[in-house]
Structures are given as structure tokens and as C-alpha cells.
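Student: All chains, full assembly: derive it from the sequences and hints.
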Amino acid sequence: MPLRRFNNKEGFKFGRFVMVVSSISPLFILWAVKGVAIIPDIILIPICAAIVILSSGFVLLRVLVAKRTRDMRLMKVGTISNYDYHALTYIFAMLLPFYRQDISSVRELAAILIAIAFIVGIFWYLNLHYMNVIFIFGRYKTFLVHPPDDANPLAGSVPYILVTRRSHLVPGEELMGCRVTDTVYLEAVR
Amino acid sequence: MPRHGYRILGGSSLIMELAYDFGKTRYVEFGIGRDVGDDQIFQTVPVGDKAQDVMRDVAADTWSEMQKSVQGQPSQMKFEPTVNVDDISAFAPVSDEETMRNRLEGGPALFEIAEKYAGTEYVYLPTDDEKVMVIRNLHVAHLDMTTDIFYDVPSIFCYFVRMMDEGGNRLTAIKRATTFKGLAHKGNLLGLSANVLDIMDDNVFKLDSSFDMLVDDTRVHIWRANSFEAIGKLRDEILSSVGENIDTIKHDLNYVDFGPIGQYASQHISGARYLASIRAQLTPDPINKLSLIKLCNDTGVRVSEKDGMIVVDPNHVIGFLEVLDRRRYGIELIDGRLEQFRAASRQRINRQ
Numbered sequence: 001m002p003l004r005r006f007n008n009k010e011g012f013k014f015g016r017f018v019m020v021v022s023s024i025s026p027l028f029i030l031w032a033v034k035g036v037a038i039i040p041d042i043i044l045i046p047i048c049a050a051i052v053i054l055s056s057g058f059v060l061l062r063v064l065v066a067k068r069t070r071d072m073r074l075m076k077v078g079t080i081s082n083y084d085y086h087a088l089t090y091i092f093a094m095l096l097p098f099y100r101q102d103i104s105s106v107r108e109l110a111a112i113l114i115a116i117a118f119i120v121g122i123f124w125y126l127n128l129h130y131m132n133v134i135f136i137f138g139r140y141k142t143f144l145v146h147p148p149d150d151a152n153p154l155a156g157s158v159p160y161i162l163v164t165r166r167s168h169l170v171p172g173e174e175l176m177g178c179r180v181t182d183t184v185y186l187e188a189v190r
Numbered sequence: 001m002p003r004h005g006y007r008i009l010g011g012s013s014l015i016m017e018l019a020y021d022f023g024k025t026r027y028v029e030f031g032i033g034r035d036v037g038d039d040q041i042f043q044t045v046p047v048g049d050k051a052q053d054v055m056r057d058v059a060a061d062t063w064s065e066m067q068k069s070v071q072g073q074p075s076q077m078k079f080e081p082t083v084n085v086d087d088i089s090a091f092a093p094v095s096d097e098e099t100m101r102n103r104l105e106g107g108p109a110l111f112e113i114a115e116k117y118a119g120t121e122y123v124y125l126p127t128d129d130e131k132v133m134v135i136r137n138l139h140v141a142h143l144d145m146t147t148d149i150f151y152d153v154p155s156i157f158c159y160f161v162r163m164m165d166e167g168g169n170r171l172t173a174i175k176r177a178t179t180f181k182g183l184a185h186k187g188n189l190l191g192l193s194a195n196v197l198d199i200m201d202d203n204v205f206k207l208d209s210s211f212d213m214l215v216d217d218t219r220v221h222i223w224r225a226n227s228f229e230a231i232g233k234l235r236d237e238i239l240s241s242v243g244e245n246i247d248t249i250k251h252d253l254n255y256v257d258f259g260p261i262g263q264y265a266s267q268h269i270s271g272a273r274y275l276a277s278i279r280a281q282l283t284p285d286p287i288n289k290l291s292l293i294k295l296c297n298d299t300g301v302r303v304s305e306k307d308g309m310i311v312v313d314p315n316h317v318i319g320f321l322e323v324l325d326r327r328r329y330g331i332e333l334i335d336g337r338l339e340q341f342r343a344a345s346r347q348r349i350n351r352q
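These protein sequences, in sequence, are chains S and D.
With our numbering, the residue at position 78 of the first sequence is 78, and numbering never jumps.
With our numbering, the residue at position 216 of the second sequence is 216, and numbering never jumps.
No wet-lab data here; the hints were simulated from the structure.
All figures in this text were calculated on a predicted structure; none of them were measured in a lab.
We put the beta carbon where it would ideally sit given N, CA and C, even for glycine.
Check before you lean on any hint, since a few could be wrong.
[What the hints assert, rightly or not] Sample of chain S residues facing chain D (criterion: CB under 7 Å; computed from the structure):
1) 69
2) 70
3) 74
4) 147
5) 152
6) 154
7) 155
8) 156
Tutor: See below:
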């Protein structure tokens with residue numbers, strides 16, 4: 001395997017950030033419903049609604065644009081890991097701790113917002129932007145796919161996330177993915 | 001067994017088919033090849049739908065040009081998805097004479113390593129030929145993707161387009177990157193912005209008007225042989241195979257001292273090419289020693305005999321290789337005058 005001395009930095013920085021924000025939108029929905037003692041509803045609800053609608057709308061728009069501009073990639077399937085269990089991680093890391101917190105002071109609000117910012121930053125850094133309720137409610141499954149380790153010396157080795165409605169993938173098969181980000185693909189079904 | 005050409009049942013001559021239908025393109029992918037140290041790295045790069053359409057059209061135009069160059073008439077792209085041109089049961093044999101006439105009239109020749117080709121000349125190789133190993137790997141590999149095309153632009157040595165049609169047939173079009181990266185950082189392109197013509201700040205790449213080769217699932221259709229050799233890294237392959245080629249040729253020509261020849265060819269690409277070509281032409285029938293000596297004498301190649309072995313003058317090694325490669329000959333059309341010729345390119349007329 002040749003030494004790959006080239007820059008493979010991922011693009012879509014802003015897009016990935018918005019997708020991570022979109023992935024925590026259930027928290028804003030819960031806050032809007034539950035309310036926050038120190039923020040009047042007339043301020044809280046529009047802010048939460050804007051975050052939810054804009055961030056989720058961005059994800060949907062990205063998928064739409066990718067399909068319209070034929071931003072597709074033909075990929076091969078090697079080894080597969082089912083990442084659906086990440087949804088559990090997401091729920092326990094994101095929703096429950098913050099939802100249950102009663103925010104009764106400005107300092108508590110600031111602390112929670114900073115904690116959320118940390119989590120968003122970490123999710124963004126770790127490319128966990130595929131964790132999204134849009135995909136969950138859309139009955140999509142999430143797989144981590146490694147390219148096949150065949151004898152082709154030119155074959156790539158970077159894994160990718162495939163979001164698909166299929167319940168399983170077949171090693172060795174070829175599939176077409178709509179590029180959501182550089183590492184996340186929505187399977188394009190004809 | 002005599003070699004035959006083939007004709008599709010129904011009467012039309014087999015020129016060379018491309019196993020791909022441009023009109024039913026389903027998927028287009030763009031990519032670049034980089035030189036990284038001693039390795040070549042190929043990556044795909046996302047492109048928009050307009051760029052995809054243009055790239056597909058450039059590939060189609062390239063095929064059209066290649067067809068015109070061998071047919072001498074407007075291209076008629078033919079597509080036979082169910083016909084495997086290597087499956088001889090689908091074809092009716094025709095005579096060798098008709099094969100050669102067909103080829104001279106409109107068929108591409110098989111690429112030969114020692115031949116000199118024009119800047120653009122349509123030749124081909126089957127995809128199972130060892131000379132196209134890099135290209136065949138590129139045609140089928142799952143490649144990594146990058147969006148950072150402007151990283152280390154000088155390292156980009158080629159770009160390619162990979163396509164798939166509705167029938168699942170694939171086509172890869174490859175071009176050596178010369179003008180492609182030439183404009184990347186030029187800063188002297190004008191563009192219209194807010195109703196004012198101004199210098200474009202964006203980095204720009206320029207697509208060429210044709211590709212250097214097209215690869216389908218059975219053949220590599222070469223349009224520019226120089227680019228094919230550069231991209232396929234044939235030069236290194238040819239030089240590294242000198243020893244192996246000499247070992248093979250020695251079996252048939254065990255009366256030739258290959259010492260000085262091997263030394264010369266390992267340092268000169270022309271000699272290495274001739275050795276590769278000579279090896280490819282070896283037949284079960286050995287070359288007659290006396291005929292070889294006579295032809296060398298007739299064409300001015302200085303050789304001597306020592307202990308039953310032909311020893312080539314060190315200054316005449318390339319001439320000797322030309323003789324073995326059937327490129328050097330003498331003709332006596334005028335009484336008493338033997339004219340000597342060297343052929344940069346030659347085609348065999350009679351096949352036996």
C-alpha cells in the first residue's frame with residue numbers, strides 16, 4: 001500500500017455544522033414544549049422553531065440539490081458495521097441530560113449552552129453529523145462501510161457512512177450514493 | 001493456426017466497437033491522478049451536472065474523432081450490448097486478405113511498444129494486456145474522494161472521467177493533464193461580475209477538447225500513444241523488463257552474444273523498446289543464423305563471429321535490434337545498387 005502523502009481534508013465545514021445542529025433539534029423542540037423559566041415563551045418558541053426549521057430544512061435542501069445536480073458516487077461495499085445503535089448514544093448523550101435540567105438562572109442557562117456547544121463541536125469534529133432524526137423518522141438505517149480490500153493497488157481505503165432504507169448490505173456489491181457530505185451518502189434507489 | 005479477422009453476421013464490417021452507449025449515460029464521475037513520490041494516487045472529485053454533461057460530450061467527440069481517423073468518413077457510433085467481440089462463435093470468419101484490407105481501410109492497429117506513432121493515431125490494446133495494468137486498475141477501482149483539488153496542483157499528472165450507461169457498461173476516459181492545470185493559478189482570466197468585466201479570483205481548470213484514451217470493459221482505445229505510455233508508466237516497465245526479455249529471446253537466438261545488447265538496452269529506452277517488440281514477435285520457428293548475418297551485412301550492421309557466437313559491434317547494437325525487429329532492410333531494385341532502409345513503422349503483409 002503506497003504511503004498516501006496527500007491532503008484529504010473534508011469539505012462542507014459549514015454544512016456539517018448545520019447538520020449537527022439539526023441533529024440536536026429534538027432538544028429545542030422539547031425545550032419549546034417544556035418551556036424555560038427564565039426565557040419568556042414569546043422569545044423561546046420562535047428561537048427554537050427557527051433552529052429546528054432552518055437546520056432541518058438545510059439538510060433536506062442539501063439532499064435535494066445533490067439529487068438535482070447528480071452529485072452521486074458509485075461505491076463498492078467491503079465490510080459493514082451497523083451504526084443504528086449510535087442513535088442510543090445520541091439519545092443518552094444529547095436529549096435526556098439537557099431535557100431534564102431545570103434552568104432557573106442565567107448561569108445555569110449559560111452552562112448548558114456551553115455544554116451543548118462542546119457537544120456540537122465534538123460531533124462536528126468526529127463527523128457524527130449523520131445522526132439525524134430526519135433519517136431516523138424517515139426509517140433509514142445507517143451503516144459504516146469500508147471499501148473492499150481487493151488486490152487493486154489503486155483502491156481507496158476511506159470508509160463512508162451510508163444512509164439507506166435497506167435493512168442490510170451485501171459485501172462486494174456496488175451501489176450509487178447521493179453525496180450529502182464527503183463522508184455521508186444517501187443511497188440512490190432507481 | 002491461421003489468424004482470422006471477423007465480420008458481424010449480417011454483412012457490416014467490424015471496424016472497432018465501443019462497448020458503451022453515450023446516449024444512455026446514467027452516471028458520470030470525474031477524478032484526478034497525482035504523482036506522490038514514486039506512486040500514483042487517483043481520487044474522484046465531485047462535479048456539477050453541467051460539467052458532467054460536457055465531459056460526456058468530450059468523450060463522445062473523442063470517440064468520433066478516433067472513428068473518423070480510421071474510417072475516413074463521418075463517425076457512426078455503433079453499440080452492440082449483447083455482442084462480445086471476443087466471442088468468436090458470434091462471428092463468421094473471413095479470409096486473412098479481407099482482414100488486412102479491412103484493417104488498412106478502417107480498423108485501428110494493435111499498439112506495439114516499439115512503433116512510432118503520430119501525435120494522434122488510433123490504436124488499441126485488450127484490457128488483459130500487461131501493458132494496460134495501471135489503466136485497467138483505474139477503470140475498475142473504488143477510489144477515495146477529495147474536494148481539495150487545489151492542493152498541490154503541480155502533482156496532478158492526469159484527469160479522468162468514469163461513466164456508466166443504463167446497461168451497466170463502463171467507460172473511462174483519461175487525459176494527461178497539461179493545459180488542465182495550466183490556468184489553476186494564472187490570475188489572468190476575465191469574467192463578468194456585477195456587469196463589469198474583471199479578473200476572476202476563483203481558481204480555474206480547463207478541460208481539453210479530447211481525451212487521450214477511452215477504456216471500455218474489453219479494450220483500451222488509445223488516441224495519443226505518448227500520453228498512454230506516460231500515464232501507464234510504460235517507460236519504467238519497459239526498462240525494468242530488459243533482463244527478462246533478453247532471457248526469453250536468448251532461447252531462440254542462442255548463437256548471439258547478448259552481453260553488450262543488454263547493457264545498451266538497460267540504459268537506452270529505444271533499445272529496451274526493440275527488445276520488448278522482438279520478444280513479442282518470437283515464433284516457434286527460429287531465425288536462421290546465416291540469414292541474420294546476411295541481413296546485417298546487407299544493411300550495414302557490423303557483426304562478427306567468435307566461437308560460433310555472433311558478436312555485435314557496440315556502436316551497432318541499435319542497428320542489430322532493428323534487424324531483429326524487422327525494421328531494417330535492403331532493396332535492390334536497381335542492378336548493382338543495394339539501397340538500405342530503416343522503417344520507423346512497419347506492418348506485416350503476409351501472416352503465416
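Student: For every hint, state whether the structure bears it out.
Tutor: Checked hints:
At a threshold of 7 Å, the smallest CB-CB gap from residue 69 of chain S to chain D is about 5 Å, leaving the interface hint in force. Using the Cβ-Cβ criterion of 7 Å, the hint placing residue 70 of chain S at the interface with chain D is satisfied: the shortest such distance is roughly 5 Å. A distance limit of 7 Å between C-beta atoms decides the matter here; for residue 74 of chain S the minimum to chain D is near 6 Å, and the interface restraint holds. About 5 Å separates the beta-carbon of residue 147 of chain S from the nearest beta-carbon of chain D, less than 7 Å, and the hint is met.
Interface restraint check for residue 152 of chain S: the shortest CB-CB distance to chain D comes to about 5 Å, inside 7 Å, so the restraint holds. Using the Cβ-Cβ criterion of 7 Å, the hint placing residue 154 of chain S at the interface with chain D is satisfied: the shortest such distance is roughly 4 Å. Look at residue 155 of chain S: its Cβ gets to within about 5 Å of chain D, closer than 7 Å, so that hint holds up. Proximity of residue 156 of chain S to chain D holds as hinted, the smallest CB-CB distance being about 3 Å (cut-off 7 Å).
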